[in-house]
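**Q** Residues per chain, in single letters:
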Amino acid sequence: MNRSALSLERALWWGPGLLLVLVLAVAPLLFTDFYLSQVITKALWLGIAAASLIFLAAYVGMVSLGQVALYGIAGFTMANLVVADGGSPVAWDPWPATLVGILAAVAAGLFIGAIASRSYGIYFLMITLAVGVLTYYFFGQVTQLSGFGGVNNVTRPGIVSNPVTDPQNLFYIALGTSAVVYLFVRYLARTPFGLALQGVRDDPSRMRALGYNVPFLRMLAFGLGALIASFAGIISVWWNTRISPGSIDLARTIDVLVIAVIGGLYRLEGAWVGAFVFAALDNWTRGLDIVGQRFNTVIGAIFLAIVLLSPGGLMGIWQSIVDFLGRQLSGGPPARPTPGPADEPRQATDSPQAL
Amino acid sequence: MSGQTAAVAPERRSRFATVPPGTLALRAAVALVLVFVAVWVAYKAFGDPRTFVIVGLNGLTLAGLYFVVASGFTLIFGLMRVVNMAHGSLYMLAGFFALELQTRLTGGEATSAFGSSQAGLGDWIIPLVVACLAVGVIGLVMQQLFLRWNQGQELRQALITIAISIIIADQTLAHFGGIAESLAPPDSFPESVHLPFSDLTYPFFRIFVLLVAIAVGLALWAMIQRTRFGMIVRAGVDDRQMVSALGINIQLVFASAFLLGATLAGLGGVLGGTMISVDKANDTQYLLISLIVVIIGGMGSLAGAALGALALGLVDSFGDVYLPAGYTNYSILLIFGLLVLVLAVRPLGLFGRPA
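Line by line, the protein sequences give chains A and B.
Note that the first sequence covers residues 1 to 355 in the numbering used here.
Note that the second sequence covers residues 1 to 355 in the numbering used here.
FYI, nobody ran anything at the bench for these hints, they're computed from the structure.
Heads up, some of the hints might be wrong.
[To be verified] So these bits of chain B aren't anywhere near chain A, every CB distance computed over 12 Å:
| no. | residue |
| --- | --- |
| 1 | Phe77 |
| 2 | Thr161 |
| 3 | Ala180 |
| 4 | Asp187 |
| 5 | Val243 |
| 6 | Val253 |
| 7 | Met275 |
| 8 | Ile296 |
[Said to hold, decoys possible] If you want a taste of the chain A side facing chain B, the calculated C-beta under 10 Å gives, among others:
| no. | residue |
| --- | --- |
| 9 | Leu183 |
| 10 | Tyr187 |
| 11 | Arg294 |
[Stated by the list, open to error] Covered by chain A, according to a simulated footprint, are these stretches of chain B (three or more residues, beta-carbon under 8 Å):
| no. | region |
| --- | --- |
| 12 | 126-134 |
| 13 | 208-217 |
What you are looking at is a predicted structure, and each value in this text was computed from that prediction instead of being measured.
The C-beta atom is built at its ideal place from N, Cα and C for all residues, glycine as well.
Given these sequences and hints, build the entire structure.
**A** The following block contains the structure:
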């Protein structure tokens with residue numbers, strides 16, 4: 001293997017990543033408050049939601065469309081427990097309410113995982129989508145908990161401050177949570193549990209033959225996905241200061257899927273890359289006359305183009321560039337049969353197990 | 001005597017040994033829930049038989065509409081393994097097309113949600129036919145342009161149809177606005193009919209929808225069981241490659257099946273638009289209904305779609321009325337419960353077969 005090609009590859013993966021982290025660390029100095037809140041912080045929590053989807057898709061082979069419903073369960077539970085307009089009259093302190101919200105989402109995730117974990121591929125996708133849309137109707141109908149008006153003016157912990165006039169704190173909370181989620185999933189992938197999950201992704205029957213309880217592993221993975229999604233749910237409520245069924249409807253589910261696909265469904269970094277592109281596009285196109293209110297048509301067309309042309313998303317495109325440069329430098333066939341760092345999930349968009 | 005018992009006992013044990021004890025407990029729990037529901041419904045029915053009849057008919061007619069929509073969905077999936085996430089969008093489009101056309105035909109006189117109908121027979125039939133065909137052609141174009149060359153890539157195809165559904169939803173909002181309206185039924189239809197053996201009356205159009213659903217079901221069954229096209233479809237469901245190896249133009253079969261499936265979504269859209277309303281939220285709603293019906297019934301099975309539609313229609317209409325007072329807005333949980341019950345016992349649905 002050519003050393004210089006390999007180090008170039010490393011540099012091309014880590015360089016932009018480190019640069020991005022550095023820029024983000026000092027983002028409050030570089031960007032206006034509006035941009036910091038409306039684009040960057042929003043992208044960070046959308047990225048966490050997409051990361052929960054990508055974690056399940058890339059490491060366990062479960063493409064779930066129920067992640068938005070799970071973050072909604074966390075958000076609604078928290079919003080109902082604290083002082084707010086609408087919802088239940090309970091008045092807890094924000095922190096225990098946040099904890100209970102996260103636990104509720106994990107419990108719901110484990111339960112949904114228990115019923116859906118014996119289904120694979122496209123069936124799993126359909127079941128999670130059905131459960132997700134049912135959750136949306138549930139919060140729309142049950143006026144004791146929300147109703148279509150939602151829960152407004154949700155009390156936030158003091159540290160979150162006002163997300164509009166003073167967006168820095170929430171930005172750092174979202175950034176820290178994103179980092180923790182990213183490092184946690186990367187760490188998890190190397191543990192025996194994470195390896196077992198990847199085994200389940202690649203060949204469930206062989207894992208069963210080896211004595212693993214495959215549905216149980218998948219259920220636990222779905223619970224973990226719910227945990228990650230619940231962080232996004234909590235931060236989104238703090239950011240919006242409200243939550244309504246409209247925050248978890250089918251359009252929102254598709255938004256998170258679009259983000260994951262734009263970024264790259266099989267690379268964890270893709271979650272935040274996709275989210276930044278999405279949030280920036282959203283912000284930018286709203287000012288354009290030709291686009292105006294038709295943002296969703298633009299997003300739909302971009303999504304369609306990406307699915308048709310580059311199923312690996314932006315990270316997939318970057319991967320091809322890195323591979324190409326690596327080949328040019330080493331002057332031979334691809335240096336390695338499997339692209340990307342060794343612990344990365346393979347890019348198996350088209351194989352049935354990867355569904 | 002004792003020898004006989006000894007001969008029976010191991011057999012019985014071995015029968016139970018094939019079912020894990022957890023599954024047995026699960027089945028007992030499911031049976032218990034079903035008995036409880038049956039007793040509750042019977043108790044309510046004896047208390048107020050008139051309500052029971054009306055609510056039961058509501059459920060049946062709703063089930064008819066659900067069946068028409070979901071049969072197209074399950075047909076497409078059964079043959080091509082395409083989960084058409086734009087199925088609800090096609091339903092919604094047909095409703096809007098028909099409404100627009102009827103408004104033009106009648107000069108805006110007929111489209112009132114309440115009051116007597118002013119539309120002639122042609123003012124209803126022509127929009128019906130045109131909308132069905134238009135939506136069928138849209139489905140066909142979608143399949144030919146985007147899905148045909150992604151055959152076998154289930155996730156990618158699902159993502160493509162999701163992208164199309166985003167664009168359709170946004171464009172519908174742009175062109176037709178968001179006001180819910182109903183199509184006027186033909187004025188030659190009676191408004192309501194007397195039910196035999198009682199003094200109850202019931203809206204005629206709902207009965208008509210049920211009759212259409214039965215006709216559609218019988219026609220599809222006859223087509224699949226009795227015609228050459230149906231034979232090819234059945235063979236294609238089992239082994240696509242073998243069918244094309246036999247010299248049959250499977251692409252033509254796929255195209256016709258997609259046209260038929262999309263037309264059925266369109267038929268559902270016009271019937272539903274007359275029976276209930278045409279609304280921009282229809283796409284989510286009827287995608288959910290199609291998903292639930294086929295998850296319950298089993299993907300690709302016509303009988304499963306009928307049974308699934310029946311279960312969903314009845315749970316839908318009885319749930320709204322028979323839940324204890326003050327809890328009727330929790331009725332959506334019953335549909336979730338139905339899904340859980342079926343998936344707990346049969347992960348592939350009632351009539352589902354492994355792919």
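**Q** Sort out which numbered hints this structure fails and list those numbers smallest first.
**A** 1, 2, 8, 9, 10, 12, 13
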